[in-house]
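Turn these sequences into a full structure, and let the hints steer you where they fit.
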Amino acid sequence: MYRYDEFDAGFVKERVDAFRDQVARRLKGELTEEQFRPHRLMNGLYLQLHAYMLRVAVPYGTLDSRQMRKLAHIARVYDKGYGHFTTRQNIQYNWPTLADTPAILDELASVEMHAIQTSGNCIRNVTADHFAGAAADEIDDPRPYAEILRQWSSIHPEFSFLPRKFKIAVNGAARDRAAIQAHDIGLQIVRDAQGEIGFAVYVGGGMGRTPMIATKIRDFLPVADLLAYTQAIVRVYNLEGRRDNKYKARIKILVHEKGAEWMRAAVEAEFAAAPRVGIELPAEEVARIKAYFAPPDLAPRAHSLAFEARRRSDPAFAAFVASNIAAHRMDGYGIVTISLKPIGGAPGDASADQMDAVADIAERYALGEIRVSHEQNLVLPHVALEDAPAVFDALAACGLATANAGLITDIIACPGLDYCALATARSIPVAQRISQRFGDTARARDIGQLKIKISGCINACGHHHVGHIGILGLERKGVETYQITLGGSGDETCSMGALTGPGFSSEEVVDAIERIVDAYRMLRTDESEDFLTAYRRVGMQPFKEALYETSKGADI
Amino acid sequence: MDFGYQIFHSQPGSRLMRYAISANRLRDGLVVFFAPGETWVEQLADARLFDAEAEAESALERARADEKKNLIVEAFVFAVKAGAQGPVANHIRDAIRATGPTVRRDLGKQAAG
Ligand code: SF4
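Line by line, the protein sequences give chains A and B. Taking my numbering, the leading residue of the first sequence gets 1, the next gets one more, and so forth. Taking my numbering, the leading residue of the second sequence gets 1, the next gets one more, and so forth.
To be clear, the hints were calculated from the coordinates, so they are not data collected in a lab. Predicted model only: the values in this text are computed from it and were never measured. Glycine included, C-beta positions come from ideal geometry on N, C-alpha and C. All clues given are correct.
Pulled a few chain B residues facing chain A out of the computed Cβ check, cut under 8 Å:
id	residue
1	24
2	26
3	27
4	28
5	29
6	30
7	31
8	67
9	70
10	91
11	92
12	103
13	108
Here it is in structure tokens:
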């Protein structure tokens with residue numbers, strides 16, 4: 001796994017020391033809040049509803065057991081015993097004090113972690129497929145490229161004050177698990193006719209107030225040009241992106257206003273004109289970074305009889321296998337999703353004890369590797385199927401064996417009004433109530449793949465636009481109301497959800513979701529047609545009818 | 001499990017409406033309320049209540065002196081109503097600030113005492 005080289009370690013230490021000094025000066029009154037706020041945000045520390053919130057970067061969602069234990073330690077010592085894994089593959093702490101934050105950053109630095117570039121108008125944490133390096137359908141591991149982009153963009157002087165924040169995602173498999181078309185830049189690893197690795201380049205996707213699907217501006221970008229081309233995109237954006245209106249400042253608006261053709265031409269012109277010295281990626285450098293992500297030395301394993309026996313005899317284990325274990329590229333292995341969505345729980349929350357338990361399980365059974373997914377779950381990328389029963393039992397012992405990955409109760413929800421200062425409505429309680437309504441039941445399994453995503457305001461941190469069912473919490477006259485969208489998808493068939501119509505009160509919204517789901521079960525051709533496929537076939541109308549059907553005549 | 005939240009909604013300017021001042025404490029970020037004697041307290045029940053919004057706004061000027069003294073940040077006025085157990089913030093956002101996350105009744109103000 002990637003370790004900071006000496007430059008990084010020295011740099012992070014310098015940053016922590018500088019922040020410690022700034023905090024001390026702020027507490028002594030030598031800095032005003034106005035002077036201090038930019039420094040605070042640059043170090044990932046926000047002021048939320050109840051307290052400060054520290055957002056810690058987990059680059060491309062990859063962690064090892066040692067780092068996970070450190071996250072647990074921080075939760076226990078400096079916070080209230082838990083952390084929240086986010087849709088940006090980060091972790092947030094909800095209760096750190098300002099005075100403690102430099103010490104927390106020191107703790108993080110001791111395991112090569114930090115909170116830099118988790119805020120501000122810079123290139124944010126680069127995200128990647130959480131099954132990277134393990135998935136059976138992978139063309140190439142996206143993480144070395146994400147890491148190269150991370151190194152290049154970290155404190156890049158030219159790109160520290162962009163018009164707005166800037167998010168890059170890299171996907172390396174046929175299946176897009178990184179939602180690249182909903183990012184400012186999305187990179188899809190492809191092979192050309194000669195079998196060379198390169199990238200299809202998407203620009204101008206995003207959610208928030210104005211959801212847009214990215215436009216493909218390049219079918220094939222050679223690896224050597226990765227940084228030069230990315231630089232060209234960010235330069236065009238830096239120069240031409242709007243700074244007059246915060247809501248029109250993302251690159252998606254530039255692409256939308258000027259058109260995809262203009263964008264493509266502008267990027268290609270900048271790419272052609274800029275000198276390549278120092279920005280072309282030498283093959284040796286790619287190889288050097290790739291070595292850190294070298295696939296683990298796994299030997300194929302024979303079919304596990306113990307695994308099969310347990311699957312046949314234990315329905316709970318069989319359900320877990322069906323939903324939470326994905327195909328690994330190596331025979332005899334699986335990718336285990338650890339659901340952070342217990343029935344009725346807060347999506348993405350994990351206690352310090354659970355984090356420690358995951359670290360132990362990963363160390364014992366999964367080469368010490370852990371991933372954070374943008375769906376707010378954890379992943380053990382390399383588990384021998386022979387060990388899967390033991391992993392399942394160990395997870396069950398700490399409340400982490402919910403067999404619902406990808407199902408209706410595997411809901412994404414942002415912190416919403418329970419924590420977030422920007423929220424217009426709560427999102428976690430809505431997720432909890434939906435989760436309880438459907439539960440860990442045969443009905444939930446019969447419904448099959450269904451992604452519900454909930455945001456507590458228009459900023460869309462809960463990715464509601466790309467939820468098969470999206471829920472957006474708003475405020476109307478001081479009361480929470482919830483708009484529902486249908487048909488969104490963040491995968492390679494990316495689409496933005498369409499609004500069903502008028503919103504629902506907090507009391508009504510769970511019933512509304514149930515009506516939509518019931519309608520789907522009526523409408524599907526058979527059990528193999530999942531919600532999104534059925535929606536795309538029949539369209540909005542039948543769902544609208546189910547949703548807004550009044551009891552006309554029923555009370556006669 | 002009860003995920004509901006009791007929300008009071010009455011029209012601003014209503015006879016029953018009163019006002020209080022809140023902020024976050026600089027050092028730990030926790031929610032505090034402006035109290036009699038121009039101090040800051042952690043519970044809304046101990047906060048100073050103003051009958052008129054204008055009165056609260058002028059007290060806000062004095063409260064803001066503590067921003068300059070680096071005790072608090074982001075002071076603001078909000079509306080409260082009398083409840084059975086003392087004052088309750090009128091708007092859900094202020095109510096959640098004054099009590100804690102509705103999904104973690106063991107955390108925040110609601111957990112104390
Ligand atoms: S979507 Fe809104 S409420 Fe939710 S975390 Fe983002 S900013 Fe906060």
